[in-house]
Amino acid sequence: MSTIGKNEAPGHKHRIETDLLGDREVPADAYYGVHTMRAIENFSISGTTVNDVPEFIRGMVMVKKATAIANRRIHTIPSDVADAIVWACDQILVNHRCLDQFPTDLFQGGAGTSINMNTNEVVANLALEYLGFPKGRYDVVNPNDDVNQCQSTNDAYPTGFRLAVHIALQALLVELDELEHALHEKGDEFNDVITMGRTQLQDAVPMTLGQAFHAFGNNLSEEHAVLAHSGEMLLEVNLGATAIGTGVNAPAGYQKAVVQSLREVTGLEIRSAKDLIEATSDTGGYVNVHSALKRTAMKLSKMCNDLRLLSSGPRAGLNEINLPEMQAGSSIMPAKVNPVIPEVVNQVCFKVFGNDVTLSMAAEAGQLQLNVMEPVIAQCLFESIGLLRRAATTLRSKCITGITANADVCRAYVDNSIGIVTYLNPVIGHHQGDIIGREAAATGKGVRELVLEKGLLDAAELDRILSTDNLMHPEYRGKRYVAGETRLAELGLQPDADGPESPQDGPAGVSAAPGHSEIGGETGSADQENVDPQGDDLR
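Take the sequence shown: its position 99, counted from the start at 1, is 98 in numbering that gives the first Met the number 0, and no numbers get skipped.
Hints listed in this document are in silico derivations from the structure and should not be mistaken for laboratory results.
Some hints could be false.
[What the hints assert, rightly or not] Listed next, with one range per pair, are the computed distances between beta-carbon atoms:
(1) 424 - 224: 54 to 60 Å
(2) 99 - 220: 21 to 27 Å
(3) 190 - 396: 43 to 49 Å
(4) 46 - 290: 52 to 58 Å
(5) 367 - 250: 23 to 29 Å
(6) 452 - 396: 24 to 30 Å
(7) 251 - 78: 19 to 25 Å
Even glycine gets a Cβ: it sits at the ideal position worked out from N, Cα and C.
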């Protein structure tokens, strides 16, 4: 309650509000109240408050608006009070008022009670303003009895939290889309830049630089889908469960009404959990979302590792690409420029990995019918989403869009590569390829030169195989066997007389009759024998 009268005169800096623990001064112009003041005093922990996470404010206020609408429909609060609460919520949601009135730290004990009461108080005092009463007249509109009607922190807070994470994810998805688009644009730009692919940091086979950047983009496309799906799973809520899931202090029909109201308020496909007791203690949805964030961070970090490797040098590294020069790189080494943007994104990703461990431990720490550790889960999720969103923007605008290719360097790697001997395997065999590769490494000679020296292929055939077009779109040049053809026949050999029967022999050395299969019936015609199971003519 609030003690009204002695502090109403103009110029007073505080009003007095009373809670379970007694009287407490509250700043006269504050829309929050005594419960929020206690939280400010108790939880000065991280320096990050709900004010810094507008999505969280929005999620919580959407819940309060939906509950007011539902309570009006089932007549559990007076219609004028419900109208005032809805108006108050719209002041925050539409007119963006009071976004600085949520000073509670994201780290807090009490399973989110401080954030829930902070929201109740701000909405109540805005509703009082609508009705023409001063702040603190909780006998007219009460934070608990009216704004929190038919609710517990244990269903209002997680529902608002889920909405907030869903909202925050949409902004991240937009930035990931922009980054993906920038990567594909670079892929198109570098489509004709031929370079060496590498496995285990060793030369493998040629590819284009464009293919590498398109792969980066397609990686992010996969993560977009995973993140979006995890966000949709958060739309299953326990609103109406109240304290532990039994719906205590909520009348029949309320739970269905409030979920429908929340759909209307949010425009989202909100659905009620099938088991409200299970849903009230479960934090698996948050684990799933952060797992998707960790996946995204892993992909971004790997991409940045590749960018740093490809741009290494310029004289003693790969030097295949040039990253935009963003700042001087050394306080002692002149002219040095470092890949600072990929480096900072790597570090962001490491922080996300750490948050995933924290969140997992908090999710496991739930006991019986409630997990009181949701505040640190919230801190981890909002921090990870915000870090990845800003990192994606930074990587795109300060790095990806300005990358250029050193096409001559890339081409030289291909021309001097031993890896191109792989393309000769189908025509000279793996063993000869080993010999060519080892000799090329030992002598410094090129693969083409050695193949011609040894007379393994003529120049025209070799040039066809090692042409840029074939390196990028290799044509299969290996042998295709007709049905029934054997390796022994190919080599002109016969099985040993004392060896096992020929595969053509039937059981106990009895050969199948010509023109018949071993299991009965006519065998195929000569034409049929030259067609593989897929229907391709192998002749």
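How the hints compare with the structure:
| no. | hint | in the structure |
| --- | --- | --- |
| 1 | 424 - 224: 54 to 60 Å | violated (37 Å) |
| 2 | 99 - 220: 21 to 27 Å | violated (38 Å) |
| 3 | 190 - 396: 43 to 49 Å | violated (23 Å) |
| 4 | 46 - 290: 52 to 58 Å | violated (27 Å) |
| 5 | 367 - 250: 23 to 29 Å | holds (26 Å) |
| 6 | 452 - 396: 24 to 30 Å | violated (52 Å) |
| 7 | 251 - 78: 19 to 25 Å | holds (20 Å) |
Hints 1, 2, 3, 4, 6 from the list above are not met by this structure, while the remaining hints are.
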